[in-house]
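Undergrad: Take a look at the letters that make up each chain.
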Amino acid sequence: MLQSVRGPRRSWALGVAILLVASSAGAAGIDAARLRAVAVAGDWKQIQAMGTGALPALARLYEASSEKDRATIAYVFYSLGWKSPDAKRVLMADVHTQDQALRLQVQWALGRVSDDADVVDVLLQNMQNDPVPLFRDKAACALASDQIHLGPAQKMRLFEGLVHALEDDKVQVRQIALQALQILTGQTKGFHPVADPETRRRAVEEWKRWLVEYRANL
Amino acid sequence: MARRIPREPVARALLVLLIAAPAAAESGSILASYSFEDEVATGPDTFAIFQGARHVGTGQGRVSLSSAFHVSGYRSVEIKDVAGDGDFPELQGYFPVRTTGRLFFHFAFLTTDPKEELNIALAGPRFFQMEKDGIAFWLGTREGRIVHVSDSIPKKLFPVEAFVWYGVDVAYDIVAGTYALTIRREGQEAPLVALRDQPNTTRRPGSAVDKFSFVGSPYGDTSNVVYYVDDVVIGTDASVTQIPFVAPGRRKLFVDLFAEYQRHLRERPRCLPLTGPDDVGLSSADLADLGREGRLDTVKRVFAGDPVEPADGEGQGQGRWREVFGAVAQWNAGCQALDNGDSRRALAHFEKASASVPEGRIFTLSAVLALAGMKRLAEADERLVMLADGRDDPRYAVVSAYVGLARGDLDQAEAWLRDPASRVLDREANPLLALFRKSVPADLLTGLRARLGAAFPGLLDETLVAEQYYYVQLWKGQYDAARDYALRMGERLRRAGLPANVWCERAGDAAFYRRDLSEARQLYEDAIRGEKDNGPLMVLYLKLADIAHLSGDLETERALREHYYGALTE
Chain A
1 MLQSVRGPRR SWALGVAILL VASSAGAAGI DAARLRAVAV AGDWKQIQAM
51 GTGALPALAR LYEASSEKDR ATIAYVFYSL GWKSPDAKRV LMADVHTQDQ
101 ALRLQVQWAL GRVSDDADVV DVLLQNMQND PVPLFRDKAA CALASDQIHL
151 GPAQKMRLFE GLVHALEDDK VQVRQIALQA LQILTGQTKG FHPVADPETR
201 RRAVEEWKRW LVEYRANL
Chain B
1 MARRIPREPV ARALLVLLIA APAAAESGSI LASYSFEDEV ATGPDTFAIF
51 QGARHVGTGQ GRVSLSSAFH VSGYRSVEIK DVAGDGDFPE LQGYFPVRTT
101 GRLFFHFAFL TTDPKEELNI ALAGPRFFQM EKDGIAFWLG TREGRIVHVS
151 DSIPKKLFPV EAFVWYGVDV AYDIVAGTYA LTIRREGQEA PLVALRDQPN
201 TTRRPGSAVD KFSFVGSPYG DTSNVVYYVD DVVIGTDASV TQIPFVAPGR
251 RKLFVDLFAE YQRHLRERPR CLPLTGPDDV GLSSADLADL GREGRLDTVK
301 RVFAGDPVEP ADGEGQGQGR WREVFGAVAQ WNAGCQALDN GDSRRALAHF
351 EKASASVPEG RIFTLSAVLA LAGMKRLAEA DERLVMLADG RDDPRYAVVS
401 AYVGLARGDL DQAEAWLRDP ASRVLDREAN PLLALFRKSV PADLLTGLRA
451 RLGAAFPGLL DETLVAEQYY YVQLWKGQYD AARDYALRMG ERLRRAGLPA
501 NVWCERAGDA AFYRRDLSEA RQLYEDAIRG EKDNGPLMVL YLKLADIAHL
551 SGDLETERAL REHYYGALTE
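Residue numbers (the numbering used here), protein chains in the order written: chain A, 1 to 218; chain B, 1 to 570.
For the record, the hints were derived by calculation from the structure and aren't laboratory data.
This structure is a prediction, so every number in the text was calculated from the model and none was measured.
C-beta atoms are modelled at their ideal positions from N, C-alpha and C, and glycine is treated no differently.
Where hints are given, some of them may not hold.
[Unchecked claim] Heads up, incomplete: computed chain A residues facing chain B, CB under 10 Å, no partners named: (1) D31; (2) V40; (3) G81; (4) P85; (5) R89; (6) H149; (7) P152; (8) Q182; (9) I183; (10) Q187; (11) P193; (12) N217.
Kindly generate the complete structure, drawing on both the sequences and the hints.
TA: Okay, structure coming up:
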């Protein structure tokens, strides 16, 4: 699974991507042609300099672009890490696309533009039910590493979904759900994806007890 | 404006630690203690100050000394984060890694706005990750409340008051992976919080610790916190002898280790000392098992240099540590044989140890010495290559020199430099030149062996001879020759289109050893110019700081050291 690594030294935010300076800028000041040029080039630093005012225009540009360019713009959204309802709306429209490059970029970007519950839900759904194993795996990566705006209460929904996925019939789903839980909590609670059903059931019970305690502390 | 606060000097903090740990009163040690009155040099053995810990260049936060508030003395540290600036400030402190026993962490903090997030942690060699040997203890403020993250759950404690000092005491049982947490409010004797047996952050027994950290909001970049920290004390219930500082912020210069190990091997081949539990493949989980089985005394004996009997590895209990003790017993027997001049017998023991615990580096290093003693140099070379990921370990350098001395025909290394067509410097003819890089992927050797077939042993020999030749010159004290060779190797590699930074640094090391500090400085600066990885850069900058220290250039020493470790100023 993908784990983001950044910075010249290992620090608190390893595994958590950089949030960038969100200087405010009016949409009126955005040069559409220039925005398009830098966006399809993936030059997010130029867009960062334009400020959050560029986001609505960037979302519109995304909608009007080819799949290839949408993948690049999704990467730009990911890199910026700015919350944006516009970005979330257009990315959600592609969250089931079969275009591989676009799907991966969209799944990774969603948690970095929104803390809405339906983003967590759709990624959990993709992780468990998408017919393509790669998409399932990368959805788990996104859940583990890219839900950067979630507070403790919002994380509860994420943890519940991951624990639920430990009971999935597919070994891969159990494996990637466990990996996501391990990245987020540092724990496995003794769960092994290929253990016999009874052993797995006992470990899942451990996780459920943990969920109860987590909820009690909210 | 200074605020009147109750007296709670560091002496009291130390007393609290000793009361919390009666054993510490008799044999415990204070590993670090800062009240921020006296200037403390930043460095790898003290602490680092990051005004912007992510180094993205946009950080507006700050860590600084302040006389506005304090517990003891007249100063504390002010940590100020700025939301949305893409970075966060950090005070990150270091102490010798602790894998067993109890660790005591005391500090006081005062926040000016409880709603703003702050975070304080103890962590281990895996830094601040949610895993074993990562974060072990984590305290923070969330929406006006103090929380501690235990069992991966943020657990609320109490609402924080602004402009009030809180004294925090953590007693962390490393083997059990649990801690006791006591928090007192200024002016109140009874603690606000007195918790026992709390699972550590990731509920991982045996999670090692070697650093602490005070930050604002490292994850969400949402905090505008301004808070103050005073009287940071780290103690342990074990007796830990720390060598004195030899230069600001550090207890050992790089050059000292090579000379120390060289002295060890000069008379005859013998085992080099252990430097940590991982030398014999002991993980933190193993240590936790040992603690539960009441067998930590055996570990202490291992590291005190006492022989481990085979029975120690065959005793009661389960767990991988039994394999490790068996391997250590074999290693001890091998060392004894090596001491007696019986390299063949020694090798048999080392190989058994290595087969049992392949990750035990000391077993392989020892096998190389035994093989060199028997002049089985091709096999020694192969094992040396397998250790290449630990080339920064001075023991690797010394063992490499020892193999070179045993080889005795190192003149070919010179001949290769004179021969412009030499395949040892021809990337096409010798793919093993990739091994000149500092980091060798684990599967590289296997792949190259398969690819090169019968030519592999000869090419490996040629490749390592250059390195061994260099280390032999150092060993013999022929620093000029070592420097010249390294410079020429660097030049040839550059012409072959290969990275030459390692040889530039080695030339600098040779100049350093002969105390030609001016040339060493120049060579390190050259190496810095061609280096992009932060790890090697840090080493190079610290070497430059060593040079400045030895030159009496305190200002430059400080500037270079603080280039990486930052500075704590008003």
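Undergrad: A separate judgement is required for each hint: does it hold in the structure or not?
TA: Okay, the hints, checked on the actual structure:
1. The closest approach between the C-beta of D31/A and any C-beta of chain B is roughly 23 Å, which is over the 10 Å cut-off, so the hint fails.
2. The closest approach between the C-beta of V40/A and any C-beta of chain B is roughly 24 Å, which is over the 10 Å cut-off, so the hint fails.
3. Hint on G81/A holds. Least Cβ distance to chain B is approximately 9 Å, under the 10 Å limit.
4. Contact between P85/A and chain B, as hinted, is not supported at the beta carbon level, the nearest pair being about 18 Å apart and thus beyond 10 Å.
5. With a cut of 10 Å, the hint placing R89/A at the interface with chain B is violated, because the nearest CB-to-CB distance is about 23 Å.
6. Annotation: H149/A was flagged as interfacial toward chain B, and the flag holds, the nearest CB pair being 7 Å apart, inside 10 Å.
7. The interface hint given for P152/A is met, as the beta carbon of that residue sits about 5 Å from the closest beta carbon of chain B, less than 10 Å.
8. With a cut of 10 Å, the hint placing Q182/A at the interface with chain B holds, because the nearest CB-to-CB distance is about 8 Å.
9. At its closest, the beta carbon of I183/A sits 7 Å from a beta carbon of chain B; the interface hint therefore holds under the 10 Å criterion.
10. A distance limit of 10 Å between C-beta atoms decides the matter here; for Q187/A the minimum to chain B is near 6 Å, and the interface restraint holds.
11. Here the hint on P193/A is broken, as its CB sits about 18 Å from the closest CB of chain B, past 10 Å.
12. Below 10 Å, beta-carbon pairs count as interface contacts, and N217/A has one with chain B at about 5 Å; its hint therefore holds.
Violated hints, in rising order: 1, 2, 4, 5, 11; the structure is consistent with all others.
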